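Protein chains in written order, with our numbering: chain S, 1353 to 1433; chain Z, 1353 to 1433; chain G, 285 to 510; chain R, 19 to 764.
Do not rely on the hints blindly, as some may be mistaken.
Unchecked claim - Derived coverage of chain S by chain Z (criterion: at least 3 residues anywhere in the stretch with Cβ under 8 angstroms from a Cβ of chain Z; other residues may be distant):
| hint | stretch |
| --- | --- |
| 1 | 1362-1368 |
| 2 | 1382-1390 |
| 3 | 1407-1413 |
| 4 | 1423-1429 |
Since the hints were made in silico from the structure, they are not lab data.
As the structure is a computational prediction, the values presented were derived from the model and not from experiment.
Virtual Cβ for every residue (Gly too), placed ideally from N, Cα, C.
Each chain, written out:
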Amino acid sequence: MKGVVTVMLKQDVLDVQGQAIQRSLHSLGFDTVQKVRIGKSVEVDLNATSPAEAEAQLRGMCEKLLVNGVIEDYRLQVLEN
Amino acid sequence: MKGVVTVMLKQDVLDVQGQAIQRSLHSLGFDTVQKVRIGKSVEVDLNATSPAEAEAQLRGMCEKLLVNGVIEDYRLQVLEN
Amino acid sequence: MAQTQRCAVLVFPGSNCDSDLLKAAQAIPGWNAEYVWHTTESLEGFDLILVPGGFSYGDYLRVGAMAARSPVMQALRKEAAHGVAVLGICNGFQILTEAGLLPGTLLPNRSLKFVCEVSPLEVANAQTAFSSRYTPGATIRVPVAHGAGNYFCDAQTLERLEANGQVVFRYAEGQNPNGSLNNIAGICNASGNVLGMMPHPERAMAEWMGSADGRALFESLQDALN
Amino acid sequence: MPEPTPEQIRTEQVYLKMGLTHSEYEDVVQRLGRLPNLTETGIFGVMWSEHCSYKNSRPLLGRFPTEGPHVLQGPGEGAGVVDLGEGWAVVFKVESHNHPSAVEPYQGAATGVGGILRDIFSMGARPVAILNSLRFGPLEGDERSARTCYLLQHVVAGIAGYGNCIGVPTVGGEVDFHPSYSGNPLVNAMGVGLVRHDRLQHGKASGVGNPVIYVGAATGRDGIHGATFASEELNDESESKRPSVQVGDPFMGKLLLEACLECYETGALLAVQDMGAAGLTCSSTEMGFKGGMGMELDLDQVPQRAENMTPYEIMLSESQERMLFVVHPGREPEVFTICEKWGVPAQTVGRVIAEGVLRLKHHGVPVAEVPLSEVCGNPPLYHRTSLRPEVAEIWQKEPASQWDQPDDLRMIFRSLVQNPELASKAWVYRQYDSMVRTSTEVGPGSDAAVIRVEGTEKALAISIDGNARYVFLDPRTGGRIAVAECARNVVCSGGRPLALTNGLNFGNPEKPEIFWQLEQAVTGMVEACQALQLPVTGGNVSLYNETDGEPILPTPMIGVVGLIEASRHVTRQHFQTPGAVLLLVGNTREELGGSAYQELMLGRLTGRPPELDLTREVALQRGVLEVIQEGLVESAHDLSHGGLGHALLVCSTPTLGVNVNWGSALRPDLALFSETQSRVLFSVSPDFVPRVEETFREHRVPCEVIGSVEEQTFRIQIRNTLVLDESLSELRRLWSEALEAQLESE
Ligand SMILES: Nc1ncnc2c1ncn2[C@@H]1O[C@H](COP(=O)(O)OP(=O)(O)O)[C@@H](O)[C@H]1O
Ligand SMILES: [Mg+2]
Chain S
1353 MKGVVTVMLK
1363 QDVLDVQGQA
1373 IQRSLHSLGF
1383 DTVQKVRIGK
1393 SVEVDLNATS
1403 PAEAEAQLRG
1413 MCEKLLVNGV
1423 IEDYRLQVLE
1433 N
Chain Z
1353 MKGVVTVMLK
1363 QDVLDVQGQA
1373 IQRSLHSLGF
1383 DTVQKVRIGK
1393 SVEVDLNATS
1403 PAEAEAQLRG
1413 MCEKLLVNGV
1423 IEDYRLQVLE
1433 N
Chain G
285 MAQTQRCAVL
295 VFPGSNCDSD
305 LLKAAQAIPG
315 WNAEYVWHTT
325 ESLEGFDLIL
335 VPGGFSYGDY
345 LRVGAMAARS
355 PVMQALRKEA
365 AHGVAVLGIC
375 NGFQILTEAG
385 LLPGTLLPNR
395 SLKFVCEVSP
405 LEVANAQTAF
415 SSRYTPGATI
425 RVPVAHGAGN
435 YFCDAQTLER
445 LEANGQVVFR
455 YAEGQNPNGS
465 LNNIAGICNA
475 SGNVLGMMPH
485 PERAMAEWMG
495 SADGRALFES
505 LQDALN
Chain R
19 MPEPTPEQIR
29 TEQVYLKMGL
39 THSEYEDVVQ
49 RLGRLPNLTE
59 TGIFGVMWSE
69 HCSYKNSRPL
79 LGRFPTEGPH
89 VLQGPGEGAG
99 VVDLGEGWAV
109 VFKVESHNHP
119 SAVEPYQGAA
129 TGVGGILRDI
139 FSMGARPVAI
149 LNSLRFGPLE
159 GDERSARTCY
169 LLQHVVAGIA
179 GYGNCIGVPT
189 VGGEVDFHPS
199 YSGNPLVNAM
209 GVGLVRHDRL
219 QHGKASGVGN
229 PVIYVGAATG
239 RDGIHGATFA
249 SEELNDESES
259 KRPSVQVGDP
269 FMGKLLLEAC
279 LECYETGALL
289 AVQDMGAAGL
299 TCSSTEMGFK
309 GGMGMELDLD
319 QVPQRAENMT
329 PYEIMLSESQ
339 ERMLFVVHPG
349 REPEVFTICE
359 KWGVPAQTVG
369 RVIAEGVLRL
379 KHHGVPVAEV
389 PLSEVCGNPP
399 LYHRTSLRPE
409 VAEIWQKEPA
419 SQWDQPDDLR
429 MIFRSLVQNP
439 ELASKAWVYR
449 QYDSMVRTST
459 EVGPGSDAAV
469 IRVEGTEKAL
479 AISIDGNARY
489 VFLDPRTGGR
499 IAVAECARNV
509 VCSGGRPLAL
519 TNGLNFGNPE
529 KPEIFWQLEQ
539 AVTGMVEACQ
549 ALQLPVTGGN
559 VSLYNETDGE
569 PILPTPMIGV
579 VGLIEASRHV
589 TRQHFQTPGA
599 VLLLVGNTRE
609 ELGGSAYQEL
619 MLGRLTGRPP
629 ELDLTREVAL
639 QRGVLEVIQE
649 GLVESAHDLS
659 HGGLGHALLV
669 CSTPTLGVNV
679 NWGSALRPDL
689 ALFSETQSRV
699 LFSVSPDFVP
709 RVEETFREHR
719 VPCEVIGSVE
729 EQTFRIQIRN
739 TLVLDESLSE
749 LRRLWSEALE
759 AQLESE
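In isolation and in its complexed conformation, chain S is listed as follows (with noise of 0.2 angstroms):
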């Protein structure tokens, strides 16, 4: 099973890169840009016997790794291939 975690820095933390992303874009000439926010893309590959179970077990990696709570958030997304 593949479990894709998106981690996100939270709202009111500062987004160094994003921040810097945006305004190279601006400068490519990309106007209608109104935020950039920059975070994770992690896709775990893991053996789990159903859905749930993944779940439950890319939380357990996530809150004891993946994110750092203080500052950031996270969504998980499970795929069974």
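Given chain S, work out where chains Z, G and R with the ligands should sit, using these hints.
Positioned in the frame of chain S, the structure of chains Z, G and R with the ligands alone reads:
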């Protein structure tokens, strides 16, 4: 409108971060993990009159800045809010 | 009367200022410094724990994240709770915030570039175990070398840090190399026994290095431990 | 897709894609006495590339002096080794990563650094310093300028990314710009390491039956055919035939470094070699050949990252962070224990055999066998034709300056110091950790970097340098200057030059004018090495640096390592005290060919480069070292690109500038910007001026007082006529912010 660009290393390109995270997950006891790959998730808020227009703009941004075509692939999602 | 102090220098895979920190600690009379490997489960008997700079686990995922979860950090947490002095420098600071021993976090530098230079620091609190040898408000010269030294925390935390005098070092006005809040370069915990700082005092131990201003930090600790 | 058969390789000329020419392929067939299969063809292809075989440059490289009293290891191993006394030796070498950096600048530069560091620690040494030498097209005004800015930013980030993470300080280098590098940037890295004599390692396999152990990252399909790729011209097709880019993993590199150094301590190793260009092929064949043995490998045992890799792919992969060991029989467990501690994969993959062949097994069956005497021992050799281009004749006859003195020298001065060639490189080196390991006494920003040798009074002075403009105008003189200037940098820092490494970056040697450049440049380098008694202990050749048939400027990059006997000899280029006297040592003539001033005034390169009289150079360097060792000077700086005018500025500090009144008979603009060689600028306490003058009198080198160090001043008179009176801080600001302004104007 909002676009989400997920940028991942191409399949054959070594993902050094993914490998290190995988080892860490194993040492934390997540033995079911088979593989980890890590990429970027870029969320772009932009003004566009249609999803198609938004997508065209986003593709332009990917090609010009967000994605390094030599080593990365990307996928795109447009969300109307 | 000076007695011998046992001092641990933690080593994680990817630490690279461990030998510099060991050398600095060995230069302090009465200190007995040794490396401690990241898988070690107890730090009992150490009077001082030093968490060195470098790129533990390549700085992959988030700076300091993977190191913060190693066995030795569990042990460190225990000793810190008992009041043992802990000093984290650069990556060591990042590890301490990831481990929750210090509040806030270190974001990428505002320039998004690594920066290495000697930067002037202001001693914001000279009444800690780490800074007592400095003159309050003095400007000292200590090198920085980091890609993620941009200290960030929420407004309440910042207020608390400032009110409690937990900000120990600040970049001199106009010379902030990374965009950190309130020019913060180093902070300590509420009980004052854990300090994290981005600048490298171990790189400022003698004039030939360009500055000897880092020495007083170790000497302050020497006073506190005696 | 099934692999082509040996017959198809011949009939469909598959070998061409692997870098072999028709006649080279037929040569292989002859030597084997049969048709090679794909893996074998690939092995010959990479091992006979210029990068691995030096087939075009070997006859020239043979002319370098390689011996000297201190040389412990000359060319031939991973890097040269020179004795420092007290049981220490220094290991150093230059490596190029030009083509990979053109394609993917971050990874190209990062893996270049990783590669040179593995060369250093494969010799048993701990790497203590990295330097880098970079060339790019113009940052503006060229159709490729936007790409060039991207390249520069990412090359620098890549060097920083690898070096900072692995924890080796990047302490010096150079960056230069010229349109010929627009499509073909140059990225050369130099590594320096320290080793105790008794810990020196080598790459000679020995002992029939001894285990061969693979250590490091798993093998993927990275950079297959990197070595042949590096030996071809770049063109539009380069995009499509691009191998999957090699990715550097400095974290694994750090673990590998520590694991290797710890393994050396056990004494269990008989031989070690890094897997660089041509990966497992190069390391296994060379180790076998150098030891007069052979090697048998079971490819199933090779740690693999990708699925279903073929023998061809496994052998030619250029995955990074890998080494090959030959170990004392029975002592494998010691190696495995150490590698496991550091989290580095290690696996026995074969054994040493008596027969001089490389024999490969895959899935239990033999898949390749090649004789090492043919692969390594006897690659093709080409004696290329050399032809002096006519224009070289014309340049020789041109007058030195072809323009009148401009009215406003102030504007000229300001434009020059903001020219990226002459502007401060702080934007670059601020991104490098130059202090980690706390042995850096002088980091970037002075003539040579200075690294302390722990536990001794000694230090190393290290510089990398090479002005390609002079080489272009007159390769022989330019070659001499490159060597002399680099050694002069070391001398000005208080070091006695010990030995030299070099990177020869040139165009396509099959063109007679290019080969002439190479041959002449090497001739000049040899002459300078002989005069300065500098043995060459290693180097690198990168040819075919052309874009759509247009060659780069001929660019030899020189790296010199010197020994500073006592820390009190360490000297910087920066002024130390107000009131110190400025002494200019050496003659100044009207020499503008290839100068920054000429480029500003004419917009092109033409004429004769400055002359270099080797006798005078030797005398100058002796004198400089003497006055430094006697403690007579406060600062020393070698005059190079930009001449005296530029030197005065780069020796200044935020508070200390100059008040100059120089009696030169030259036209003021030429006096300030002539690039005459063999000159040094000192600042000297007034008390010591007579002794310094006396020393140079003895060496028959002119030495004159030209002014003094003065606070917050930048004032220059020539023969009592004021030519410049600037605000020091303003001038320094222009100089120090110029590069950043060009690179970060979004
Ligand atoms: N790419 C680089 N990396 C590190 N240091 C650099 C780099 N480029 C230039 N420097 C440093 O900047 C200083 C000036 O370099 P350069 O202009 O080549 O001086 P010079 O003309 O005196 O040889 C030197 O100390 C050099 O080491
Ligand atoms: Mg130079």
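Status of the hints after comparison with the structure:
1. 1362-1368: violated (count 0)
2. 1382-1390: holds (count 8)
3. 1407-1413: With 3 residues closer than 8 angstroms to chain Z, the stretch 1407-1413 of chain S meets the three-residue bar; holds.
4. 1423-1429: violated (count 0)
Violated hints, in rising order: 1, 4; the structure is consistent with all others.
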